[in-house]
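*Asks:* Sequence:
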Amino acid sequence: MVTVRETTAVRPAAGCASRPLARDAAPAPFMVVGLVNGHEVAAAVPSPAAAVRRLLDWLTLDDDASAVWYLREDWPEPVTVVARMVSGAVGETRRTAHLFQLLPGDVQCGPMIARCGTELCPSEVEWLRLGAGMPCEQCLAAASAERRALEAVAG
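Oh and the sequence shown: position 58 is 57 in numbering that gives the first Met the number 0, straight run, nothing missing.
By construction, these hints were calculated from the structure, which means they are not laboratory data.
Keep in mind the model is a prediction, meaning the values are calculated, not measured.
Beta carbons are placed, not taken as given, at the ideal position from N, Cα and C, and that holds for glycine.
You may find that some hints are simply not true.
To be verified - Distance ranges between label pairs, derived from CB positions:
1. 52 to 89: 17 to 27 Å
2. 75 to 128: 15 to 25 Å
3. 139 to 37: 42 to 52 Å
4. 93 to 73: 30 to 40 Å
5. 136 to 34: 39 to 49 Å
6. 65 to 144: 31 to 41 Å
7. 37 to 72: 17 to 27 Å
8. 52 to 112: 15 to 25 Å
9. 144 to 61: 36 to 46 Å
10. 37 to 87: 30 to 40 Å
Please take these sequences and the hints and turn them into a complete structure.
*Replies:* Okay, here's the thing in structure tokens:
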């Protein structure tokens, strides 16, 4: 997982200059964009968990707000993230760790679909680090089959 500083960018008002981000700041891989209280807002964040937290914060501020999140379109490759249902939402044996592939620029605005086909709502999941949790065998098989197919083509 990439760890970077969280930054927020808001479109400056007409006639105001924007300040560039610090040069030493590593780019955050995820973006959250929306319309809150009639203003366009955007935030660069380091993880899907941070993206969902920011999105939910904005929706709390304004009943009419709308927002989405995504892996930045200029990110060099897809990112696979791991998540499972939050504790108490389902029985422990159903809290398997699913794999979700995020493609650069693909907007996330509803349930996420795991490699196995399971749909989970991002606001109701626990985001995991790689290797944590009981893995979903179907997600692992789908990821493995995709890798073998790519190796055969490259081969």
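*Asks:* Next, verify each hint and record whether it holds.
*Replies:* Outcome of the hint check:
no., hint, result
1, 52 to 89: 17 to 27 Å, "holds (22 Å)"
2, 75 to 128: 15 to 25 Å, "holds (21 Å)"
3, 139 to 37: 42 to 52 Å, "holds (45 Å)"
4, 93 to 73: 30 to 40 Å, "holds (37 Å)"
5, 136 to 34: 39 to 49 Å, "holds (41 Å)"
6, 65 to 144: 31 to 41 Å, "holds (37 Å)"
7, 37 to 72: 17 to 27 Å, "holds (26 Å)"
8, 52 to 112: 15 to 25 Å, "holds (21 Å)"
9, 144 to 61: 36 to 46 Å, "holds (44 Å)"
10, 37 to 87: 30 to 40 Å, "holds (37 Å)"
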